[in-house]
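From these two lone chains plus the hints, build me the complex, please.
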Amino acid sequence: MTRDEIIAGLAEILEEVAGVNPDDVAEEKSFTDELDVDSLSMVEVVVAAEEKFGVKIPDNEVQNLKTVGDAVSYIESNA
Amino acid sequence: MPHTDVVVTGLGATTPLGGDVASTWDAMLAGRSGVGPLTQEWAQTLPVRIAAQLAVEPSEKINRVKLRRLDRSEAVALIAAHEAWADAGLVDAGLDTERLAVSVGTGIGGAVTLLAQDDILEASGPRKVSPHTVPMLMPNGPAAWVGLELGAKAGVHSVASACATGAEAIAHGLDIIRSGRADVVVAGGTEAVVHGLPIAGFASMRAMSVRNDDPERASRPWDKGRDGFVLGEGAGVVVLERAEHAKARGARVYARLAGSGITSDGFDIVQPDPAGAGFVRAVRKALAEADLSGSDVVHVNAHATSTPTGDMVEVAGLRAAIGDHVVLTSTKSMTGHLLGAAGAVESIATILSIRDGVIPPTINLDDPEDGLLDVPAHKARHADVPVALNNSFGFGGHNVALLFTRP
Chain S
1 MTRDEIIAGL
11 AEILEEVAGV
21 NPDDVAEEKS
31 FTDELDVDSL
41 SMVEVVVAAE
51 EKFGVKIPDN
61 EVQNLKTVGD
71 AVSYIESNA
Chain W
1 MPHTDVVVTG
11 LGATTPLGGD
21 VASTWDAMLA
31 GRSGVGPLTQ
41 EWAQTLPVRI
51 AAQLAVEPSE
61 KINRVKLRRL
71 DRSEAVALIA
81 AHEAWADAGL
91 VDAGLDTERL
101 AVSVGTGIGG
111 AVTLLAQDDI
121 LEASGPRKVS
131 PHTVPMLMPN
141 GPAAWVGLEL
151 GAKAGVHSVA
161 SACATGAEAI
171 AHGLDIIRSG
181 RADVVVAGGT
191 EAVVHGLPIA
201 GFASMRAMSV
211 RNDDPERASR
221 PWDKGRDGFV
231 LGEGAGVVVL
241 ERAEHAKARG
251 ARVYARLAGS
261 GITSDGFDIV
271 QPDPAGAGFV
281 RAVRKALAEA
291 DLSGSDVVHV
301 NAHATSTPTG
311 DMVEVAGLRA
321 AIGDHVVLTS
331 TKSMTGHLLG
341 AAGAVESIAT
351 ILSIRDGVIP
361 PTINLDDPED
371 GLLDVPAHKA
381 RHADVPVALN
391 NSFGFGGHNV
401 ALLFTRP
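Chains as they are written, first to last, in our numbering: chain S, 1 to 79; chain W, 1 to 407.
So that you can see chain W by itself, here it is in the shape it has in the complex (with noise of 0.2 Å):
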C-alpha cells in the first residue's frame, strides 16, 4: 500500500546562530560560530569553559511573567513552534485542533530547573520550592506547552532518545500522520542545560572539547585535531502536513519528508556501534520507506559532533549505505551539538539546502581525516539538492535517519 504523502509547511528555531530561522540559516552559509567563552562564575572551575548560547534570550519574545513558569527548554521549544505554527500560515486559519498533534521531544529536559530548585530547597526549605517546579521539569512540558498554546488536541507526545529525540520527534509525526490519527503534527525538539552539572558529567565522559581558549575553532567535526564536541543550546520545530490538506489550504511546501529509519545498536549504552551496523540499517530503512536508492541521496547533514571516535564510524556507514558520492557536512561546527534539539535544527538546514540548492560548510575543517567524504569545508557550496538525508545518533544506541525531498 503506498504510503501517505507528508510534506513540510512550516520551520521554526532558535539557536546559538540566531533567534529564528531566517538569522540562523544566514549565519550557516555565512560560516559563522556559534560557540563563545562561558564568562559566568559557575563556569570557571569547570574543565569545559565554552558553549554555544542561545543568540537571542528568550526573555526578547517571552515576557516576563511567563517565563517565571517556563524552563528555558519550554521557553525555546514555544519560541520555535510559534514561528514555524506563523511560518506555516496556521495563525487564526481555523484548523481543525482535533486533527493537531505535538510531537516535541527534549534530551534531558528540565534539569536546570531541578537544580535551581532544590538550591533554593537547601537554602531556604521546601515552603520556598516554586509550585512551578514540576511542569517546568518533567520532560513532557516543552511538548505540553506547545499543544497547549496551539490548541492541539489529537495527542501531544514527547519521544527522548538523547541526541537523536528532534529527528525522532519529527519520524515520530510522519508516524502519526500516516496512521490517520492527525493531518498536522508540529514537530521538533528542544534543550537548554549550559549548566555546570551536566557540563561537568559530559566532561567526566571526555566527550567534550576542551579547548577553551579558542571557542570559534572547539567544534571542529572530522578534522584530525578535533577533541569533543561543544554543548549548545536551542530549539527547532517544523510543521508537518499531510500532503493532500496543504495543498486544499494552498500551503506553501518547502519539501516532502519521504521516508524515515530508526533502529537501535543493542550494543552500549554510550558507545557507537564501531561498525555503524544500527546507523546504516536505519538509512536503509529510511531510503527503503521512500521507495528510493542510494544514489538519488545528493547530500547529507550528518550527525558529526566532533568527537573523536563517532564522526569516521558515520562516513564509514554512509559510504556503505549510500555511495562515495554523497556530499556531507555538519551544521554543528558552527551550532555545537543542542543534544536533543540538533536532529529538529538539522532538518530545517537539510530542508533548506533543499529549497535553495546550497550546502551549508564544515568550519574548522582545516586538517581533514584520511577516507573523508567530499565535505564542503570553511565555506557553503551551491548544488542542486532534490534528495538529502538528516542523520542523528543518541546514547542509549539510538540511531534516526530522515530523508527530505523536493516537494
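Pulled out of the complex, with its shape left as it was, chain S reads as follows (with noise of 0.2 Å):
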C-alpha cells in the first residue's frame, strides 16, 4: 500500500469519525491542533485504521501520532 492509498483511508476515516474535509488531510496536519480531532475521536480512528490497515496502534505509540504522516508511516512500517 503506498502513502497515499494510506492518506486516503485515513480521510475516509477522519471524515467519517469527526466529519474532516477528506481535502484538508495532508501528511504535514497535525490531527489535534489543524485537523480539530478531539482525544476521544482520535481513538475512535485508531481503532477504526487498526481494522482497515490490518495493524496492531498501542495505546503508548497514539502518543507519538502528531500528524497524518506520523500515522502514515506507522502504518506503513506495521501493516
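Hints were generated in silico from the structure; no laboratory data involved.
For each residue, glycine too, the CB sits at the ideal point set by N, CA and C.
Watch out, some of these pointers could steer you wrong.
Unchecked claim - If you want the footprint, here are the derived chain W segments under chain S, 3+ residues with CB under 8 Å:
hint, stretch
1, 59-68
2, 118-132
As the list claims (entries may be wrong) - Straight-line alpha carbon distances no greater than 20 Å define the calculated PhoX-like cross-link-like pairs of lysine-lysine that follow:
hint, chain 1, residue 1, chain 2, residue 2
3, W, K66, W, K128
4, W, K224, W, K379
5, W, K128, S, K56
6, S, K66, S, K56
7, S, K52, W, K128
Next comes the structure, spelled out in C-alpha cells:
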C-alpha cells in the first residue's frame, strides 16, 4: 500500500468519525491542532485504522502520532 | 418575605407531534395523535408494538458527526434548548453566563446507548466500545450538553424523578432563581428510550396499552376502555428568568411560574397512594407558594397517563385540592407518555393555554369514567385561562405541581 493510499484511507476514517474534509488531510497536518480531532475521536480513529489497515496501534504509540504523516509512517512500517 | 417573581421567556420542544413548539401546539389543538405502529424488526416479538416516536428526526437538525457522540435523549434536549434559547431572544444577547444555570433531567437517560454498546461489547470485544459511551449514557449528559452549548456557568443540574422529572427540573429552576444563584435557568426534561428493553419492562408491569391494532386510539386517559400508557419520546425546555431581569432586557413574557409543590408519597415504589394524599399536598404547596386558592385555578394539564388505576386517583385529588370547577385535559392522549420529558412538554402546553386562551382536547375520550371532571373531549375549547396547573407524578412516589399564571 502506498503512502497516498494510506492517506486516502485515513481521510475516509477522519471524515466518518470527526467530519474532517478529506481535502484537508495531508501528511504535515496535526490531528489535534489542525484537523480538530479531539482525544475521544482520536481513539475512534485509531481503532478504525487498526481494522482498515490490519495493524495493531498500542495506546503508548498513539501519543507519537501527532501528524497524519506520523500515522502513515507507522502504518506503512507495521502493516 | 415575598418570593422573587419568576417568568417564562422562552419555549422549545421536539415531540411526536412536531419538531418544534409551534407545530406541536398546532397538532395538540387539532387533536392529532402522535402514536403509530413500531414497524422495526426488533419490535415484532414484543407484546407492545406501538409508540409515539419523534415527528422530526434529530438528524434533520444536528449534523451526522455530532450526532455520533450524542445519545438520542441528549440530541433532543439540545434541539429543544436551542429553540427555547432563541425564542427567549438570548442568542448573542450577551447574557452574563455566570448567572445562567441549567436544570434538565431525564427519567431513564442513555439506556439505548448502553444497550447498543453492550451489543458491540458482546459481538466485537471491549476495544470496539465507543469512547463516547460514558458521556452518552450518563444521566447528567443532556443537562451537561445544554450547559456546554449555552455556556452556562452557574451550575448544571439533572433531576431524576421518573415521570415527574421534567416538572421537577422546572421547579428546581424556580428555586435556583429564588435562591439568588442565577438570573436565567434553562429548564426541562428529555427522554428517548423507544427500544425493546424498556418497552418489555413496562409491558411486564402491565402498565402499557396493548392496543396494537389501533395505535392512534391507544392513549385514552379517563376513557373506560383505557388499558395503559403509550411510550413516547421527545424533549421540552423552558427559559425561566427573574422577572426584573426579563423586564430590564425587554424580553417577551409568556407566563409567570407562580409556585411549585414537590412532595413524596412514602407509600410504594410504583403504585400511587390510592388516596392521592401526596399529590394533594403538592398542589396545596404550589397554591400556597403562589398565594392563590383552588378557586383561582381554571385549568389543569393533568398527569393522566391512560393507566386504569392512576387517572381517577388524580381526579379525586384535584377535586379535593382545587374543586369541581376546574377544566382538565391530558395531552398525553396525543403525545403518548414522554416519561422524563412529560412534565416539561406539558408545562409548555399549560403556558400556551394561558397565552392563547385555549385548552387542548383529550382525544379518544369516547366513554368517560363516571365522576370525571369537565374535560374537552376530541375538540379544543376556548376559555380565559389566567391561572393553570401542571401535574406530574413519577415511579418512586414523586409528586410535582407547577402553577403558572398570566404575566
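Hints, verified against the model:
| no. | hint | in the structure |
| --- | --- | --- |
| 1 | 59-68 | holds (count 5) |
| 2 | 118-132 | holds (count 5) |
| 3 | W:K66 / W:K128 | holds, 19 Å |
| 4 | W:K224 / W:K379 | holds, 19 Å |
| 5 | W:K128 / S:K56 | holds, 13 Å |
| 6 | S:K66 / S:K56 | holds, 17 Å |
| 7 | S:K52 / W:K128 | holds, 13 Å |
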